[in-house]
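Turn these sequences into a full structure, and let the hints guide you.
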Amino acid sequence: MSRFDAPGNELDFLRYAGLTLADSSAILSRLLSRGVDWADLFFQSTSQESWLLEEGLVKEADASISEGVGLSAVCGEKRALAYGDELELAALRHAADWVAAVGRQGQSGRMPVLRRSTHIRRYEALDPRTSLSAEEKVALLQEIDRLARGMDERVKDVQIALAAQHERILVVNSTGLVAQDERPLCRLTITVQVEHDGRRERASAGGGGRFGYERLVLAGSPRHWAQEAVQRALHNLEATEAPGGTMTVVLGPGWPGVLLHEAVGHGLEGDFNRKGISAFSGRLGEMVAAPSCTVVDDGTLGERRGSLSIDDEGHPSQQTVLIENGRLCGYMQDAMNARLMGMQPTGNGRRSSYAAAVLPRMTNTYLLPGPHSPEEIIASVSRGLYASHLAGGQVDITSGRFVFTTAQAWLIENGRLTRPVKGATLIGHGTKVLQRITMVGNDLRLDSGIGVCVKEGQRLAVGVGQPTVRIDGITVGGTAL
Amino acid sequence: MRRLEDAADKALQEARRLGATAAEAATHMSTGLALTVRHNAVETIQRHVQRRLALRVFLGKRTVSVSTTDCSAQGVALLVAQAMTMVRLVEIDPWSGLPPAARLARSFPDLDLYHPWTFTMDQAIACAKTAEAAALACDSRLSPSAGAVLSSTASADVLANSLGFVGKRLATQHGLLVQVMAAADAQLVRDSAWASARRAEALESPEDLGRQAAQRTLERLGARRIASQRVPVIYPAELARGLVGHLLGALGGGALYRKASYLCERLGTTVAAPLVTISEDPHLPGALGSAVFDAEGVATMPRTLVAAGTLQGYLLDSYAARRLGLATTGNAGGAHNATLQPGAHSLASLCRAIHRGVLLRELLGQGVHLVTGDYSRGFAGFWIENGAIAHPIHECTVAGNLDGMWRQVQAVGDTLDTRGTIRSPAVVLDDMAIAGR
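Chains as they are written, first to last, in the numbering used here: chain S, 1 to 481; chain F, 1001 to 1437.
Hints are computed from structural coordinates only; laboratory data are not their basis. Backbone N, C-alpha and C define an ideal beta-carbon position, used for all residues, glycine too. It is possible that some hints are incorrect.
As the list claims (entries may be wrong) - Ranges between beta-carbon positions, derived for each pair:
| id | chain 1 | residue 1 | chain 2 | residue 2 | range |
| --- | --- | --- | --- | --- | --- |
| 1 | S | Arg223 | F | Pro1094 | 25 to 35 Å |
| 2 | S | Glu135 | F | Ala1202 | 50 to 60 Å |
| 3 | S | Glu456 | F | Ser1107 | 32 to 42 Å |
| 4 | F | Asn1386 | S | Ser380 | 38 to 48 Å |
| 5 | F | Arg1224 | S | Ser380 | 22 to 32 Å |
| 6 | S | Gly150 | F | Asp1006 | 49 to 59 Å |
| 7 | F | Arg1225 | S | Arg383 | 15 to 25 Å |
| 8 | S | Glu375 | F | Leu1326 | 51 to 61 Å |
| 9 | F | Gln1312 | S | Ser373 | 48 to 58 Å |
| 10 | F | Ala1308 | S | Ser380 | 45 to 55 Å |
| 11 | S | Gly220 | F | Ala1077 | 36 to 46 Å |
Unchecked claim - Computed list of lysine-lysine pairs in DSS-like fashion (alpha-carbon distance at most 27 Å, straight line):
| id | chain 1 | residue 1 | chain 2 | residue 2 |
| --- | --- | --- | --- | --- |
| 12 | F | Lys1259 | S | Lys156 |
| 13 | S | Lys156 | F | Lys1061 |
| 14 | S | Lys455 | S | Lys432 |
What the hints assert, rightly or not - So the derived list for chain F, only partly shown, Cβ under 10 Å to chain S, looks like this:
| id | residue |
| --- | --- |
| 15 | Gln1082 |
| 16 | Thr1085 |
| 17 | Glu1091 |
| 18 | Ile1092 |
| 19 | Leu1113 |
| 20 | Met1181 |
| 21 | Tyr1262 |
| 22 | Leu1364 |
| 23 | His1369 |
| 24 | Arg1377 |
| 25 | Gly1378 |
| 26 | Cys1396 |
| 27 | Thr1397 |
| 28 | Ala1399 |
| 29 | Met1432 |
| 30 | Gly1436 |
What follows is the structure, encoded as structure tokens:
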């Protein structure tokens, strides 16, 4: 449906905009001649659709197409970005003259010969929207609705969202790199509302990844997610006040890896460290976590939601060890921050669209497994909180303080899960909390493909993961003091 | 504006031609500039030009929404074709449709929302540099975090539907943010000051913002944790806006008809303390939330949402209204200048009235559950002892239930924060659970 939808190589991709690679090269060359250190053109086309079922009816569908180009020029610590939906050469030339304002007078670089990137594909180049017919999508939503409603009579309504996006990008930069990627992404979210004795609750579950819709169904996942959503909602229906105060907390495997994302992930993004505004700035080589903790960011995992074949600057994604056995050993970098810090890019340069500046961002961030069984970890706690599912989190990277909110939690009393407790926000300090991780489980799990991370207003798909962990001392924001 | 009108009109015509029984088109164009200064040097400059066409088509009681950035004739044709394909596949929704024709806006008074900032790039850079320099000059412990960020956007919007409605709107928004950090005794803290307005002259001066940012950052140094306890909590105006936002969220039509709000079926009942009155003032000249018509073209009107604690109205679009058997309130897209009416107390006098309590500065996390009203968030702020600020605090949480929290509003401040579509003074809540050490 879009100008870029025709399959084929990057020349087709450009041709639909009436441009050639030579045009791109000429624009970058013009910038280099005006004294900028580095520049790139980022062409993007994203087509998205979603189908929504509510009250048993597939009564909402929407689709959108977003196409445009961003032109960045970097000179030292200065960066200029012009972006728009006009893909004509004249508009690009105008943008180039504008971003050239950051260039140094009297300097002039030359544009090298263009070369194609070579990288490993981490997912198939496909349009996930076409993997089921519209009729099949509607039928799938109706089937999941019946399934979820049949699970418990307290289920009063079910909302299901099936969404996919097909993104194509082409990057041409002033080192002569030409890189393109085609990125599928789909997601199914099931929200159930339950009611009993006048009390109402709502909970969601779901998943997805960089593949077509048919894969969501093959794995039998819809039934599993419907069950999770129903269980979470019923759990909260019976939940009583959460405790308030500092205590031992055990977090279950998978999605609770939001902990790592907030506690250390953002603080290890290159931009914050270059500017010296992260609690981790200048601490490479120091022990920042318990020796049992090894944390990685890995964009190479096949078909995961947070994975990338190349980042939005054309660099191949990689596995970056951030913390090894408790010691801080790496940052996540985009090209600009890597260059300014004298480091290598790590394939973490991402942008939410052509209309945003590249920032160092996470891909899939997780904690590697340890020796303990999850049962053993829970049994070791005499009084505390166990959370198997979390809602969102947030961090103040300067102070290092971060929060996350429980969405399904129990009290632990004498080594056993007892009563369900309501959602509560937990607050801690990144390195202090990591140093208080006293047990790491052997049950590493990645989340099911639901993560969204927001930084400077830019929303991106990410993954998180962890095994069960025990934290000795974090503040739980309940009302029962 | 002419081009936007034409594009909207073309989309409506094309939709009718392909068999739509009704349609609504919204076209948008914006241009903007944003620049960041750190350490007295330009760090980023961004410029954008963006367009968007959004279309809702109806086929009887079936509807879909589509949008595109390609507003060319070809782009519009593709979009409409896609919409018409999809609309045949969704199921009949008995409540779908355009708003009642009688409720569409007919007069379009100028609300004074369009004031382009006519600066040169050098002036813009100088303004940001001044703000940053004013902050850093305050104390040697300060250094820039985000530095100073200046932004300016101008937008044009057209909304048209097949009932003959055409609404137009030109608006600008300008902003200046200064963010600095300070280090002392192994503690690193960060805070900011910002301004946002439709007219550049209405922004606070860069010097004032810089000094505010410096002061707000310095006063957070030396923060400690406090013990878990129940105490009164002051939400300053900027954070009270968030509390009002949660209340408005629970009054939204979507949450109500889904029964996903703690305020379901509470019209006419007490939802807040008697000193709480919340109005909606859509026609305030030059305000950030002002609008003559809502996102469906329905005329907006000044009204009272909460009168002395009693719930007087919901926030409904035409769909939610039909679902609830009520009339649209002109709130497709949200509330317009929802305002918690100020009281008589300055922030200082609110503090003086508290023996032991907390003044919030920053809230963290999303621990707000509108279905039940349960509320639990992380915060940084200040400990109040005998009516005066004793020391900054951090790494604690504040929890309660929105229903109870609004009923125990004990006092309301005298100064509105008008930097957004929700306007509020400070609010004092009587008894909140603080978890800490």
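Now for the hints, and whether the structure bears them out:
1. Arg223(S) / Pro1094(F): 25 to 35 Å: The hint (25 to 35 Å, Cβ to Cβ) holds, given that Arg223(S) and Pro1094(F) are roughly 30 Å apart.
2. Glu135(S) / Ala1202(F): 50 to 60 Å: Holds: the Cβ-Cβ distance is about 54 Å, inside 50 to 60 Å.
3. Glu456(S) / Ser1107(F): 32 to 42 Å: holds, 40 Å
4. Asn1386(F) / Ser380(S): 38 to 48 Å: 44 Å Cβ-Cβ, so the 38 to 48 Å window holds.
5. Arg1224(F) / Ser380(S): 22 to 32 Å: holds, 31 Å
6. Gly150(S) / Asp1006(F): 49 to 59 Å: Hint holds: Cβ distance 51 Å, inside 49 to 59 Å.
7. Arg1225(F) / Arg383(S): 15 to 25 Å: Roughly 20 Å apart at Cβ, these two residues keep to the hinted range, so it holds.
8. Glu375(S) / Leu1326(F): 51 to 61 Å: Distance hint for Glu375(S), Leu1326(F) holds at roughly 53 Å.
9. Gln1312(F) / Ser373(S): 48 to 58 Å: With a Cβ separation near 57 Å, Gln1312(F) and Ser373(S) satisfy 48 to 58 Å, so the hint holds.
10. Ala1308(F) / Ser380(S): 45 to 55 Å: holds, 54 Å
11. Gly220(S) / Ala1077(F): 36 to 46 Å: holds, 41 Å
12. Lys1259(F) / Lys156(S): Measuring from Cα to Cα gives roughly 10 Å; hence the hint holds.
13. Lys156(S) / Lys1061(F): holds, 24 Å
14. Lys455(S) / Lys432(S): Distance of about 23 Å is within 27 Å: holds.
15. Gln1082: holds, 5 Å
16. Thr1085: holds, 8 Å
17. Glu1091: With a closest approach of 5 Å, the Glu1091(F) hint holds.
18. Ile1092: Nearest chain S Cβ about 8 Å off; hint holds.
19. Leu1113: With Cβ-Cβ at 22 Å, over 10 Å, it is violated.
20. Met1181: holds, 5 Å
21. Tyr1262: holds, 9 Å
22. Leu1364: holds, 4 Å
23. His1369: The hint holds - His1369(F) has a Cβ within 10 Å of chain S, the shortest such distance being about 6 Å.
24. Arg1377: holds, 5 Å
25. Gly1378: At 4 Å from the nearest chain S Cβ, Gly1378(F) passes the 10 Å test, so the hint holds.
26. Cys1396: Cys1396(F) check passes; min Cβ-Cβ to chain S is 7 Å, inside 10 Å.
27. Thr1397: Hint holds; Thr1397(F) Cβ to chain S Cβ min 3 Å, cut 10 Å.
28. Ala1399: holds, 5 Å
29. Met1432: holds, 9 Å
30. Gly1436: holds, 6 Å
Figure legend: structure checked against the earlier numbered hints; the only hint not met is number 19.
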